[in-house]
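Asker: Protein chains in written order, with this note's numbering: chain U, 304 to 774; chain F, 9 to 254.
It is possible that some hints are incorrect.
As the list claims (entries may be wrong) - Going by beta-carbon spacing under 10 Å, a handful of chain U positions derived as facing chain F:
| id | residue |
| --- | --- |
| 1 | Asn433 |
| 2 | Ala581 |
| 3 | Leu716 |
| 4 | Met718 |
Note that these hints are calculated values from the structure, not bench results.
Where is the CB? At the ideal position from N, CA and C, for every residue including glycine.
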Amino acid sequence: MVRSTSILAFLLILIAGCTSTQMRTISSGWTEIDAIFQNKCTSCHAGEQAAEGLRLDSWQNLFEGSDHGEAVIAYDSENSLLIELATKYTKGSHPSELGEEALTDEEIRTISEWIDAGAPSADGDIPFSNPDDPRLYVANQAAGMVAVIDINTNQVVRMVNLMGLGFNEFSMPHHIAVEPDGSFWYVSLIMADKILKFTRDNELVGQVEATRPGLVALDPVGPWLYAGRSMMSVSPPESIVQIDRDKMDVEEIGLLMQRPHALAVSRDGSATYISSLAQNRVATYKDETGDVVFYDVEGDRPHVFIGFTISPDGTTMVGTSEVTSNAFVFDLTAGDGVTLIDTIRVLRAPWHPIYSADGKWVYFGNNWTNTITVLNMETREVAKVIEGYGLAQPHGSAASPDGRYMYISNRNLAMPDGHSKQDHVYHPRYDLGDNAHIGTVLVLDTRTHEIVKIIETEEYASGMGAAVNRN
Amino acid sequence: MTFRPSIFTIILACAASGPVLAQDYVVVDLENTSSIRGRVTLSGDAPAPLRLLITKDVEICGLGYRERTEVDVDERSGLRNVVVYIEEITEGKRWDSAPTGGFINQEICRFQPHIQVMRRAVDIDIINSDATLHNIHAYELLGRARRSLFNISQPEMGAVPQLMHPRSGNRVSLECDSHDFMQGWVFVADNPYSVIVDDSGNFELSQVPTGTYTVSVWHPKLGVQSREITISGPDGAETNFEFVID
Numbered sequence: 304m305v306r307s308t309s310i311l312a313f314l315l316i317l318i319a320g321c322t323s324t325q326m327r328t329i330s331s332g333w334t335e336i337d338a339i340f341q342n343k344c345t346s347c348h349a350g351e352q353a354a355e356g357l358r359l360d361s362w363q364n365l366f367e368g369s370d371h372g373e374a375v376i377a378y379d380s381e382n383s384l385l386i387e388l389a390t391k392y393t394k395g396s397h398p399s400e401l402g403e404e405a406l407t408d409e410e411i412r413t414i415s416e417w418i419d420a421g422a423p424s425a426d427g428d429i430p431f432s433n434p435d436d437p438r439l440y441v442a443n444q445a446a447g448m449v450a451v452i453d454i455n456t457n458q459v460v461r462m463v464n465l466m467g468l469g470f471n472e473f474s475m476p477h478h479i480a481v482e483p484d485g486s487f488w489y490v491s492l493i494m495a496d497k498i499l500k501f502t503r504d505n506e507l508v509g510q511v512e513a514t515r516p517g518l519v520a521l522d523p524v525g526p527w528l529y530a531g532r533s534m535m536s537v538s539p540p541e542s543i544v545q546i547d548r549d550k551m552d553v554e555e556i557g558l559l560m561q562r563p564h565a566l567a568v569s570r571d572g573s574a575t576y577i578s579s580l581a582q583n584r585v586a587t588y589k590d591e592t593g594d595v596v597f598y599d600v601e602g603d604r605p606h607v608f609i610g611f612t613i614s615p616d617g618t619t620m621v622g623t624s625e626v627t628s629n630a631f632v633f634d635l636t637a638g639d640g641v642t643l644i645d646t647i648r649v650l651r652a653p654w655h656p657i658y659s660a661d662g663k664w665v666y667f668g669n670n671w672t673n674t675i676t677v678l679n680m681e682t683r684e685v686a687k688v689i690e691g692y693g694l695a696q697p698h699g700s701a702a703s704p705d706g707r708y709m710y711i712s713n714r715n716l717a718m719p720d721g722h723s724k725q726d727h728v729y730h731p732r733y734d735l736g737d738n739a740h741i742g743t744v745l746v747l748d749t750r751t752h753e754i755v756k757i758i759e760t761e762e763y764a765s766g767m768g769a770a771v772n773r774n
Numbered sequence: 009m010t011f012r013p014s015i016f017t018i019i020l021a022c023a024a025s026g027p028v029l030a031q032d033y034v035v036v037d038l039e040n041t042s043s044i045r046g047r048v049t050l051s052g053d054a055p056a057p058l059r060l061l062i063t064k065d066v067e068i069c070g071l072g073y074r075e076r077t078e079v080d081v082d083e084r085s086g087l088r089n090v091v092v093y094i095e096e097i098t099e100g101k102r103w104d105s106a107p108t109g110g111f112i113n114q115e116i117c118r119f120q121p122h123i124q125v126m127r128r129a130v131d132i133d134i135i136n137s138d139a140t141l142h143n144i145h146a147y148e149l150l151g152r153a154r155r156s157l158f159n160i161s162q163p164e165m166g167a168v169p170q171l172m173h174p175r176s177g178n179r180v181s182l183e184c185d186s187h188d189f190m191q192g193w194v195f196v197a198d199n200p201y202s203v204i205v206d207d208s209g210n211f212e213l214s215q216v217p218t219g220t221y222t223v224s225v226w227h228p229k230l231g232v233q234s235r236e237i238t239i240s241g242p243d244g245a246e247t248n249f250e251f252v253i254d
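With these hints in hand, go ahead and build the complete structure from the sequences.
Answerer: Pasting the structure below:
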C-alpha cells in the first residue's frame with residue numbers, strides 16, 4: 304500500500320513535470336516574445352529609424368541584427384547581447400538606463416528560454432539554418448569558444464562552447480579549416496592536444512590526438528588535413544601531423560626541424576610547406592614520395608615564421624615573419640622545394656597572410672602596430688597600410704567565398720602600461736563588467752580596402768577559417 | 009661679416025647647455041656630507057593588477073594569466089618600484105658606493121630585476137636564462153616619445169655584452185619582441201645619487217655634499233615629481249613624495 308502510494312505520487316510528479324515543461328515551451332514561443340518586445344522594446348527598436356539599427360518588430364528583422372551585429376545568438380542566451388544588456392550592463396538593465404521600464408526577471412527568463420531553444424519563429428524555423436549560407440569560424444583562444452559568423456549578414460549566429468563538450472577554458476582553440484563545401488570544419492586545441500571535427504551544424508563527430516597543434520591546412524585534392532605545432536610550446540615534436548579527415552586517423556611526419564609552425568598545402572595537393580619558429584628554414588614535404596626538401600633563408604637572427612599563403616594560381620607563396628617583420632615571397636615552380644625571390648619589409652609582426660581571390664593582393668594584420676598591410680603582388684610592394692578602430696593585436700585572416708570581404712581577427716589582450724602594443728586597444732560598445740578585452744573581427748571591403756564593420760566576439764580572437772580558405 | 013650659426017654649432021651649443029652627463033660627473037674627496045632621506049607614498053586606490061595572457065612558450069613562461077601589479081604599495085601606502093635621484097650634480101661620492109646594476113636577466117619570461125638603476129655608458133650583460141628565443145628591445149623614453157636603443161636577438165641561453173648609453177634621456181623601457189607580455193625598466197644614472205626605494209617606499213641618498221639640489225622621483229606608470237632640497241648640516245634633509253590617483 305505504501306509502495307503503491309509512492310508510485311502514484313511519483314507518476315503525479317512526473318505528469319506535473321511534463322505539463323510544466325510543455326507549458327514553458329509553449330510560453331517561450333515567438334508569440335510571447337513578440338508580446339514582450341511590443342510592450343517594452345519596439346517604441347525605440349522598430350521601423351526604418353530603429354535605435355542602433357536593431358528592429359524587434361518581427362522575427363525576421365530581429366535576425367537582420369543591428370548596425371553593429373547580432374542581438375541574439377540562437378541556442379546561447381548567455382552570450383546574446385539582448386540578455387547581457389538586460390542582466391549585466393553596468394549602466395543598468397537596458398532599457399532602464401534610458402529611463403524606460405526594464406524587463407522583468409520573468410520576461411528575461413522567458414526570452415532566455417526561447418533563445419536556448421534555438422530562438423524559433425512562430426512557424427518553428429531556426430535562424431541561420433540554411434546549409435548553403437557561407438560561414439566564417441573564429442577561434443577564441445582565451446575563451447574556449449568558436450564563434451560562427453554568417454557571411455551574408457556579418458554577424459555571430461552560433462557560439463560553439465568547447466567547455467560544454469568537456470574541454471577546459473585553457474584548451475585554447477587556435478586555428479580552423481573548413482571543407483570546401485562547408486560540410487565539416489576542424490579546429491586545433493593547443494593545450495588539449497586535440498584536433499576536433501564538427502559538422503556544419505556544429506556537432507562534434509571526430510577527434511584525434513596531436514601534441515600542441517597550431518595551424519591547420521586542408522589538402523585541396525586528397526583526403527588529408529595537416530597540422531603544425533603551436534608557438535605556445537617551446538619544444539614540440541619536430542614533425543607535423545597528417546590526418547585522414549574521413550576516418551580521422553592520424554600519422555606524424557618527421558621533419559627534423561625545430562618548432563614547425565607556418566603551414567600551407569599546394570593547390571594540387573602534392574606538396575606541403577612548413578617553416579620553423581626557431582630556424583630560418585622552409586621544408587617542402589612531398590606526400591607521394593615521402594621526401595622532405597629544406598630551403599634556408601638568410602638572416603642574422605631567427606625570422607620566426609608565422610604563416611603562409613599560396614597564390615590562387617599556385618605558383619607563389621608569401622610567408623610572414625614575426626621578429627624580422629618581413630613578407631617573404633617564394634617561387635613554388637622552380638625545383639623540388641621553394642625558392643626565395645623577394646623580401647618585402649613591412650610593419651612589425653606580420654601575422655596570418657591571405658591572398659585575394661584574384662591573386663593581386665596579400666593581406667595580413669601587423670600584430671605589434673595594430674594595422675593591416677595590403678601588398679600589391681604585381682609590384683611586390685606595400686600598397687596600403689590600413690589603420691582603424693578595432694585593430695588591436697590583429698592575428699587571423701580569412702576571405703568570404705566571393706572574395707568581396709577580408710576578415711581580420713584581433714586579440715585585444717591586456718598589455719602593460721607604456722608597452723608598444725598598448726595603443727588602440729578596443730573598448731567594447733557596452734561595458735558588461737567582464738568584457739573589457741573581448742576580441743574582434745574586422746570586415747574589410749576588398750574593393751575599397753576600407754574597414755566596414757567591427758564584429759565583437761569573445762576573448763582572444765585568433766585563427767579563422769571559411770569554406771573557401773586560401774590560407 | 010655676419011655670423012651664421014651652422015647646424016654643427018647649434019648642436020654644440022645645445023650639448024654644452026644640456027644635462028650633466030655621466031662623463032661630466034667628477035668624483036672628489038668628500039667632507040661635510042649627509043643624507044637625503046624620505047618615503048614615497050600613494051594617495052588613492054592602486055589600480056587592480058593587470059591580467060596578462062601568456063601567448064607563447066608556456067612550458068617556460070607559464071600557462072594562463074600572469075598578474076602584473078603596476079602600482080605596488082605596502083599596507084601603509086608605501087610605493088614600490090620608484091627611482092629617487094639627484095639631477096645635475098657635478099661632483100660627489102665614488103660610483104662604487106652606489107648600487108647600480110650590471111645585467112638584465114631574461115628568466116622565466118620576465119626581465120629580472122623588474123626595475124633597476126644602471127650607470128650610463130658602461131657595458132652590461134644581457135642574459136638569456138630561458139631555453140627559448142628572447143629578443144630584448146630597449147627604448148629610450150623622451151617625454152611621450154620613444155627611440156629604439158638596442159634590439160638583441162638571443163636564440164641561445166647565455167650572456168651578450170651591450171653598452172647602456174641612451175643619447176639624452178635617463179629612462180629606458182624593456183620589451184621582448186618575442187613575448188609581448190614582458191616588460192621592464194631601467195633608470196640610466198649620470199651620477200651615483202640614484203636609488204630604488206625599498207619595499208616600504210623608503211629611500212636614502214647618502215654622502216651628499218652640502219648644497220642645494222633638485223631631487224626627483226620616477227615611477228614608470230605614475231610619472232616624475234621634482235623638488236628642490238638644501239643640505240646645510242650633518243643631519244641632512246628629509247623629504248617625502250606623494251603620488252595621487254583620483
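Asker: Go through the hint on U/Asn433 and say holds or violated, using the shortest Cβ distance to chain F against 10 Å.
Answerer: violated, 36 Å
Asker: Taking the closest Cβ pair, is U/Met718 under 10 Å from chain F?
Answerer: holds, 7 Å
Asker: Should the interface hint for U/Ala581 be scored as holding, given a Cβ-Cβ cut-off of 10 Å against chain F?
Answerer: holds, 7 Å
Asker: Tell me if U/Leu716 is really an interface residue toward chain F, meaning its C-beta lies closer than 10 Å to one of theirs.
Answerer: Nearest chain F Cβ about 5 Å off; hint holds.
Checked against the numbered hints listed earlier, the structure breaks hint 1 alone; every other hint is satisfied.
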